[in-house]
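2 protein chains.
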Amino acid sequence: MKAVKQKHIEEIQNIVKEGRVLIDKSDRFSYSFDGSFGTFLPDAVIQTKSVEELAALVKLANREQIPVYPRGQSTSLSGGPLPVKGGLVFDLSVMNDVLEIYEEDLVAVVSPGVLTSAVHQAAEQRGLMYPPDPSSSHVSTIGGNLAENSGGPRGLKYGVTKDYVIGLEVITPEGEIIKTGGKTVKNVTGYDLTKLIVGSEGTLGIITKAILRLIPKPVASATVMAVFNSLVDAGSAISKILSAGILPSKMELMDQSSITAVENYEPLGLPTEAEAIILIELDGHPLALEDEVKKINELCHSVGAEEIRIPKNKAEEAEIWRARKLVSPAIVRIKPTKISEDATVPRSKIPQMCQRLQEIRDKYNIHLVVFGHAGDGNLHPNIICDKNDKEEMRRVEQAVAEIFTTAVELGGTLSGEHGIGLMKAPFMEMELGTAGLEMMKRIKKVWDPNNIMNPGKIFPEPGQKLELS
Amino acid sequence: MKAVKQKHIEEIQNIVKEGRVLIDKSDRFSYSFDGSFGTFLPDAVIQTKSVEELAALVKLANREQIPVYPRGQSTSLSGGPLPVKGGLVFDLSVMNDVLEIYEEDLVAVVSPGVLTSAVHQAAEQRGLMYPPDPSSSHVSTIGGNLAENSGGPRGLKYGVTKDYVIGLEVITPEGEIIKTGGKTVKNVTGYDLTKLIVGSEGTLGIITKAILRLIPKPVASATVMAVFNSLVDAGSAISKILSAGILPSKMELMDQSSITAVENYEPLGLPTEAEAIILIELDGHPLALEDEVKKINELCHSVGAEEIRIPKNKAEEAEIWRARKLVSPAIVRIKPTKISEDATVPRSKIPQMCQRLQEIRDKYNIHLVVFGHAGDGNLHPNIICDKNDKEEMRRVEQAVAEIFTTAVELGGTLSGEHGIGLMKAPFMEMELGTAGLEMMKRIKKVWDPNNIMNPGKIFPEPGQKLELS
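Sequence lines, in order, name chains W and U.
Residue numbers are given in the numbering used here: position 7 of the first sequence equals residue 7, and the series is strictly consecutive.
Residue numbers are given in the numbering used here: position 230 of the second sequence equals residue 230, and the series is strictly consecutive.
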């Protein structure tokens, strides 16, 4: 890895005609952090809408072995866009001008800087839906979602970002512009580079355009809140509902700590004495929903629900979902640092995972809050701490490592939707084994021989450990 | 590429303790063809259920540079399993002993030799569904479906095989056993090797186990047949239905040639004077279906449907779908050779594609029948001919090449669901471009440095042309 020299800056400035090159320290500082930990100053930041200019810059970077860090709005919780080796940051949030909906093809074409919520809105205006809905969708870019293969609550019924990407325009690590896939849902022409690149966290190239699959927007939706005095009963309710042939669009769990935190933050009348609540959203035909809400009511009561709340109107419904949205802002009031994990287990292991999380909380004496997408096994254990307290952070590091190990032991994965980035790289081999990790490294090496695309991510460096302090 | 020598046979026989090694010419002949063209005799055929034995054989083959051809039931229409360079065929249809359903996890674990229809049945017995349903599902193995990323009529609503594979056990081309993905729907730990290997047509490794995602089985289904005197009106009906927020599980098109062929084969009372019929299947909640059938009736009439048939009972419903199933057997009665293509276009281009197909039919004076999965743009233009008629086959070759070019010109793809295999390799670069194809080749090279896994497939050899005679 080489640093950016003055002669490079001049060459870069000659290439970038349609945009800007930021080299002031104050400008660069704004690009030194994301939603995770650590600050790393890039040597220069590029803003341009021109794919050709970006490709030319990648050719330069490849020739000179300068690191390239593509970036959207940097809401990443795993360090994906951090410029850990310096070099160039490509601010792709400026590429926000393409958002085309092809109604008859059920397809959207987007540039990477478009906000995910803008894709949602554009689709809905035509009676269509782009299902992936990471909680950050109102601030995160679709490009960031593609790089990280973002999930969200609707994963249960609709899958994740990758399931809706059918084509890409990509700048390879050697500066070639390639197209993968296309506008058809069925395409088996050669290897699936689309699904290889989506979720590769910017290590295999730069996504400059994407073709997204849309679906007809469901005609109606309905919400149910079920209150439980036992986490295990809540888990059973989830299984019962799915086994009854009902596939909700969302099934979100909040444990007692998150209920209390939200209620302290903004009183919404949540049942603070409950051990868990499940928030369920159904979508589809109104007649089907009516019947399914009735069945869910019966099923939850049959496994010991304390109470079922069915909102009477859209305002009450919105209030229930507001409770779930407030968990993150509410818990950071307890202590300043929030470590949001996304270890994911097979659905049936949710009760066991909850049990193990409580043990880890007690063992390391940490403040742990559990909520998340229970319907698809993707919990969010959040540790609330203070990053200035070194002693506490060491306990937190040990707890995080044990959460990862537990998820893998239960047949799950390190990361359901946040990505590996910087934080989870040291744990990759534990999940994948030496040979599995080796096959990934080979792809990286042969696509990016000079290791210029987002270097320092995903693949652990020798002796690399989790460090949060 | 090296041939198998006597010393290799002895070493192979020493490795294979739990299965059989077939070397008689008559045995090997049964493994020399598939559902496409050409016969190629392998040097030996291996049947074993042992993953360790298969891995040891791959190590041997890699050391000695002997080609390895994995194979299921060989229903491939693109030449996927043909042992074009001799060497070893691995008959994975014998690995049919694992078919486990994990109801609470909504997951199935299967070995590659299990028939796809057996997966369907096992899931349905538990109130679940494995959605991908290639037309060959009663005879094809799940392993073959995985290798080719099979589609089928339900692609419209439910996607393709790949969308339901969340984990694999794979023998790499160097004989290592790796695991990819797992039992969780959300998993972003490293590159998505699962979706890279599914659909790679046996060129990147041998799938020895797969974890499939299941969904709750829809409670009910309904069928509608719509009859049109114009192909364009049929296309409009499809768009109208989708824009109305209705997402059928199947939307199949049959043109006049296919209607007539079926009616001559087995009189089912089909409207032989119609230019096209659309067969629609809906699934979901019974109350929703009732309403959607009514809407489809209105929408089809509004764009000029001649007639709508709604079956009164399950027997009438079965008869409608039987008509669609009979297209393939019916058309081979016209002439002995059937070339089944699967060029796929964006949904909105279906009427244009139909128009172009009629022009190609007239230009080359061929017998062309068009049917297929119109709802997702995946048509099946079938050419009926006689492979012994050299002059006719040359016209057919030109027509096939023009079908491919047309699909790509209309923004579509060479292959929606049959795979590239041997037949479409010469057309890869036209769709992917030089740089795109190069990035695929790099993955092949670095995973399989000795090119032993299914050599001769996907990637065109210098000067390779389509040959059907």
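Treat the hints as calculated values from the structure; they're not laboratory data.
The reader is advised that the hints may include incorrect statements.
Repeated chains share a single entry, so a pair holds when one copy, or any two copies, can fit it.
[Claimed, not checked] In silico lysine-lysine, DSSO-like type, Cα no more than 27 Å apart, as pairs:
#1 179 <-> 465
#2 441 <-> 59
#3 312 <-> 217
#4 179 <-> 338
#5 390 <-> 465
#6 441 <-> 209
#7 390 <-> 5
#8 338 <-> 465
#9 325 <-> 179
For clarity, every value in this text was computed on a predicted model and none was experimentally measured.
How the hints compare with the structure:
Taking identical chains as interchangeable, the C-alpha atoms of residue 179 and residue 465 lie at most 27 Å apart only when they sit on different chains, with a minimum of 24 Å there against 37 Å within one chain. For the identical chains of this complex, residue 441 and residue 59 are neighbours both inside a copy (22 Å) and across copies (21 Å), given an alpha-carbon limit of 27 Å. In the homo-oligomer, the alpha carbons of residue 312 and residue 217 lie at most 27 Å apart inside one protomer (23 Å), although the nearest pairing across protomers, at 30 Å, exceeds that limit. When the C-alpha separation of residue 179 and residue 338 is checked against a cutoff of 27 Å, the pair qualifies neither within a copy, at 39 Å, nor between copies, at 33 Å.
Taking the closest pair of Cα atoms, residue 390 and residue 465 come within 27 Å of each other only inside a single copy of the chain (16 Å); across copies the shortest separation is 67 Å, beyond that limit. Both within a single protomer and between protomers do residue 441 and residue 209 lie at most 27 Å apart by alpha-carbon distance, with minima of 25 Å and 23 Å respectively. For the homomeric pair residue 390 and residue 5, neither the shortest alpha-carbon distance inside one copy (37 Å) nor that between copies (66 Å) is at most 27 Å. For the homomeric pair residue 338 and residue 465, the shortest alpha-carbon distance inside one copy (19 Å) is at most 27 Å, but the shortest distance between copies (60 Å) is not.
Neither within a single protomer nor between protomers do residue 325 and residue 179 lie at most 27 Å apart by alpha-carbon distance, with minima of 37 Å and 36 Å respectively.
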